[in-house]
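S.K.: Line by line, the protein sequences are chains F and D.
Residue numbering for the first sequence follows our numbering, starting at 1 and increasing by one per position.
Residue numbering for the second sequence follows our numbering, starting at 1001 and increasing by one per position.
Check each hint, because a few of them may be wrong.
To be verified - Partial chain F-side listing against chain D, Cβ under 10 angstroms, derived: (1) Leu10; (2) Ile13; (3) Met14.
Since the hints were derived computationally from the structure, they do not count as laboratory data.
Using N, Cα and C, we set each Cβ at its ideal position, and we do this for glycine too.
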Amino acid sequence: MGDPAFTAELIDIMLDDGQVRVTNIRAAYDQQRMTDVGALAHSLKGAALNIGASNLATLCASIDDTVRKLGLTIEAQRIAELEREFSDVARELNDIKDALGS
Amino acid sequence: MKVLAVDDDRVTLVTLERLLAKFGYEPLTALNGTDGLRLFLEHKPQILITDWMMPEMEGPTMVKTIRAFAESEYTYIIMLTSRNEKEDMMSGMLAGVDEFLSKPIDPDQLRARLRVGKRIMTLQASLASRVSELERERKHIKVLQGFLPICSYCKKIRDDENLWSQIEEYIAEHQANIQFSHSICPDCFETKVKPMQEAFFSKKREEVSELKSA
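Please model the entire structure based on the sequences and the hints provided.
M.R.: Quick look at the structure:
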């Protein structure tokens, strides 16, 4: 919305909430709570879409669809992929935030 | 105009709050369905924007609850969702959703949908005010209809056009299913008919005696 302070605020929220969600997805997966994995992935997808992180959103949608719509279990590799993607997004967001501050 | 936004994603919620204020609305925000419902009952916003999937209470459940509890006061409900399948849209509409808006939020689309909501809520408010005005008028008319002017002497009735008519004419005009069959009550027989009968027979007797004497 053309307001650097507001963009920085959104980035901070995305970094904090996104990290909590990724951690919770990992915990739910480790305990094989697949419905929670799907719900958390769905939620993270919404946040990712809002900041334009389309790869992260696609990955979340795929996890959500697999566990909730198809009722299947996902492989640990997909969770690791999600964690990596979020780290990449977080790095990019931090870069944007630094650029806004300079 | 108050707008309540409910979403468990803080990025969406903060964005919505900012956009709503920018578009001239009074934003209220909640991070889950339960808090959303509480704020709704407390502030009675005219427009509700809610996410589909949320912890504690999902969007459709909250919408159903609102529709069930607030039948008299309409709320325009926009469901904010990344779901766009036909079945989901149908179940959202059955729950009581008026409009859908997909994520990520597009400010122009949000503004357009809010305008539709505002227009509908303004029309609804004007309709509600007209209905209550008509109800007041109807009550007033009912009170006036309860008074029927009747002449204390001849018992004629004054109608709506200020004309006096016999009570049987008045009732025949206003109660289509009633027809009169004329009769005489014992009191009127004694006071009206009997004297006339006596006068008649007395006259006849006089005539007969006159004829006899002639």
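S.K.: Please go over all the hints and tell whether each is borne out by the structure.
M.R.: Structure-based check of each hint:
no., hint, in the structure
1, Leu10, "holds (6 angstroms)"
2, Ile13, "holds (5 angstroms)"
3, Met14, "holds (5 angstroms)"
Comparing the model with each numbered hint stated earlier shows that all of them hold.
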